[in-house]
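Trainee: Next come the chains, spelled out residue by residue.
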Amino acid sequence: MDPKVFDVEDADVAWCPGCGNFSILKTLKETLSEMEISPQELVMVSGIGQAGKLPHYIKSNVFNGLHGRSLPVSTAIKAVNPELIVINVSGDGCTYGEGGNHFIHNIRRNPDITNIVHNNMVYGLTKGQASPTSQRDYSTPLQIEGVTLEPFNPLAIAIALKASFVARAFSGDIKETKEILKKAIKHKGYALIDIFQPCVTFNKVNTYQWFKNNTYYLDESHDPSNREEAFKRAIETKKYPLGIFYKNSDNETFEESLSSYKTDKSPLFKRELRVDKLNKLIESMK
Amino acid sequence: MSNNSSGNDISIVLCGEAGQGIQTVETIIVKALKNSGYNVFSTKEYMSRVRGGENSTEIRVSSKRVISYVNRIDILLALSEGAVPHLENRITSKTLIIGDETHLKSLSKDKYNLIGVKFLEMAKEMGGAIFSNVIAAGAIACILDVPKTVFESCINDIFTRKGEKIVKKDKTAGLKGYEIGKELVDSGRIKVEIEKDSKVLDELILDGTVAVGLGCIAGGCKFMASYPMTPSTPLQVFMAAHSEEFEMVFEQSEDEIAAINMALGGFYAGARSMVATSGSGFALMEEAVGLSGMIETPVVIYIGQRPGPAVGLPTRTSQEDLNLALYSGPGEFPRIIFAPGNFEDAYKLSQKAFNLADHYQTPVFILSDQYFADVFYNQPEFDMGIKVEDHIVKTNSEYKRYEITDNGISPRGIPGFGEGLVVVDSDEHDQMGHLTENLDTRIKMVDKRLRKLKEIEMETVPPKLLGNSEYETLVIGWGSTYGPIKEALSNLEDDKISFLYFKQLYPLHHSTEQFLNKAEKTIIFENNAQGQFSDLIKLKTGFEIEKKVLKYNGMPFSVEEIENNLKAFTEG
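Protein sequence lines correspond, in order, to chains A and B. Take the working numbering: the final residue in the first sequence is number 299, and no numbers are missing along the way. Take the working numbering: the final residue in the second sequence is number 669, and no numbers are missing along the way.
Only true hints are included.
Result set (DSS-like, lysine-lysine): computed pairs, CA atoms no more than 30 Å apart in a straight line:
id: 1; chain 1: A; residue 1: K278; chain 2: B; residue 2: K484
id: 2; chain 1: A; residue 1: K17; chain 2: B; residue 2: K491
id: 3; chain 1: A; residue 1: K283; chain 2: B; residue 2: K497
id: 4; chain 1: B; residue 1: K491; chain 2: A; residue 2: K275
id: 5; chain 1: A; residue 1: K191; chain 2: A; residue 2: K245
id: 6; chain 1: A; residue 1: K293; chain 2: B; residue 2: K484
A short list of chain B residues far from chain A (calculated; beta carbon distances all over 10 Å):
id: 7; residue: V147
id: 8; residue: S203
id: 9; residue: L204
id: 10; residue: I212
id: 11; residue: G213
id: 12; residue: T246
id: 13; residue: G260
id: 14; residue: K266
id: 15; residue: A380
id: 16; residue: G405
id: 17; residue: L613
id: 18; residue: T638
id: 19; residue: E641
Keep in mind that the hints were calculated from the coordinates and are not lab data. Just so it is clear, CB atoms sit at the ideal spot from N, CA and C, and this is done for glycine as well.
Model the full structure from these sequences, guided by the hints.
Mentor: Written out as structure tokens, the structure reads:
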């Protein structure tokens with residue numbers, strides 16, 4: 014399939030030239046086309062932020078909702094129509110800050126969705142304040158003396174909660190990112206892909222070169238089924254590992270756990286009200 | 098009975114501590130009475146605690162239909178020492194107090210009409226103090242001439258899930274209660290004669306929560322996400338309990354914010370969706386009410402009102418969140434607010450809420466409250482009436498989610514159904530759904546969304562006039578005050594007083610002004626401190642209601658209270 018299928022005509026792209034978002038968009042389009050996923054069966058869900066605008070630039074069904082609230086939306090879309098492919102995309106502020114509670118509980122819920130998080134360690138849309146993943150001492154107009162909070166570690170948290178798929182990628186490496194994305198989309202269950210990306214306008218510390226110098230790929234000796242090992246790798250900060258940290262298919266997905274799909278796999282919009290059962294229920298109240 | 102002034106209508110109150118099983122007894126008795134052919138009503142008031150405190154349940158048994166709370170207590174079953182002090186201001190010299198001897202011993206025989214029974218001793222012999230409730234239930238059942246077979250089958254219904262042993266013990270306890278009841282009747286201390294009506298046998302017995310719940314199911318609800326909060330939790334429990342049967346998804350979300358965003362995701366993908374919450378929980382949902390308005394993705398919101406602000410009185414009742422619902426969410430967009438006051442309206446309006454939400458693609462509120470959610474009474478079967486309307490369109494490749502139309506309603510497609518793509522955006526957007534900062538498009542979109550309000554106004558449920566159309570005094574009420582106002586008016590037998598009952602609060606029906614202008618005197622009853630609905634009426638019609646009777650101590654209006662206020666108002 015030609016990745017152009019996913020191009021949106023006359024899209025007025027709001028990103029800065031050189032933004033890491035462009036390569037993520039390109040990678041995603043190529044991934045989807047190589048996986049032969051059609052725009053009609055795809056729902057892109059996002060919150061607010063520069064990353065949250067990505068669904069507008071990719072031809073698909075789109076739910077661009079509120080800041081931090083995309084994961085509950087994605088979960089529900091998948092729950093009422095498991096035939097849809099749901100990709101949730103937003104930034105580090107939206108997913109880990111405003112939406113932190115949903116991030117935690119949706120990992121526990123384990124819907125079969127893919128959660129792409131653009132992690133540039135800074136707030137872009139609101140012009141350069143600290144994000145939950147900003148590193149200590151990183152100074153901004155609001156964190157004048159530098160960030161004093163411990164950076165949020167999404168991978169370690171996800172692994173602690175036995176997330177079913179946990180990975181980190183770097184936007185500068187389209188080839189590897191595509192491979193990780195394919196595995197994440199194919200994976201049954203909640204899949205987190207935290208993607209390091211430079212913010213060329215506001216983050217002058219964690220630049221393209223910084224990410225290149227401070228990351229390395231997990232090699233074949235890493236066993237993604239080993240949770241303890243995965244956790245160890247997730248808390249490394251000297252150099253940040255990239256790749257698939259952890260995978261587990263022990264838990265059923267949220268949709269699989271729902272009684273509505275025990276015998277009938279069809280989406281809920283195709284189901285009629287069972288008037289006979291309603292009458293019986295009302296009758297039981299006599 | 099010797100000390101019942103109302104003849105064909107008796108009010109029995111059970112009072113004890115939380116954890117004593119008062120609610121279980123209520124369920125047994127109410128069902129047993131209804132299945133014996135009595136009109137029956139019950140309401141409970143309770144404290145926000147799992148054990149201890151004083152909780153009471155009022156059970157009215159009547160020869161005519163009763164659907165409201167009265168202040169009067171004819172028989173008090175005092176199951177704890179604190180029961181009589183707790184209900185002190187409702188007890189009169191006519192109230193017959195039946196209780197365990199140990200609980201009554203400190204009370205003056207001159208002041209109170211007391212009957213001591215060895216409930217606790219008997220209960221302990223049967224295996225524990227907890228059985229004293231079922232003994233009391235048996236005594237009431239006997240006094241009211243409930244056939245033993247009916248009583249026993251109700252015990253079966255309630256306790257079967259706890260196992261045969263428990264059922265047997267509870268039956269024995271119940272029969273012990275019958276013996277006590279018989280002794281009391283034989284001694285001549287209690288005599289109750291209330292006419293039965295065989296028609297009641299075919300009626301339903303349910304509470305206000307279940308009436309809404311059945312309406313939601315009948316409205317085609319397929320998805321519900323919520324976070325537990327009194328007094329909306331019972332609706333969540335009801336929907337969860339029936340989710341498999343009706344192929345619904347119920348999810349307890351991590352918070353209210355997740356709940357409503359899930360519901361929007363659910364509706365977006367084709368499943369009629371709802372949330373249930375109370376004031377503070379709804380406050381957390383507000384942002385997403387605006388999202389619903391903006392992306393024109395429907396949602397049905399059930400608010401069980403309780404006194405606020407903040408945590409307020411968690412287990413008490415109020416009508417304080419009309420303004421919250423009416424003004425929730427940033428920006429301007431249409432919404433619909435229902436406030437049913439009886440079970441039939443609760444069923445029908447809840448059902449209608451889903452059709453309207455789906456059609457107008459906007460939030461629809463069902464305002465209830467603790468009092469209404471928790472009252473039980475017998476109800477004739479609902480007219481199944483309305484059908485689940487299908488408003489979803491199959492999209493083609495040219496599909497535009499926000500197509501500008503004359504009535505403002507853009508055909509709503511869902512992802513995965515047709516060739517088109519469904520794009521929704523919380524930013525201002527163009528007809529395709531993509532975000533825009535074009536200010537001309539902005540105006541077109543605001544106008545489009547607000548044109549739906551004009552359509553909604555044409556479909557507003559009118560207020561219902563009860564009583565003579567040639568009235569002098571007009572009583573106004575909304576939602577749960579319906580029952581007590583209706584009964585008070587029927588007791589007053591004054592054909593110059595009529596009652597205008599609002600079940601849709603917003604948009605306000607255009608006939609409102611005419612009804613008000615026709616009256617010489619107007620009076621409104623509201624369970625809030627500021628007269629929120631009378632303010633809304635004034636805002637929309639310019640009409641100032643003369644007298645506002647506002648109650649905000651957390652208790653519902655009693656029939657007597659309304660009668661007294663009306664007498665003072667019409668005579669004054």
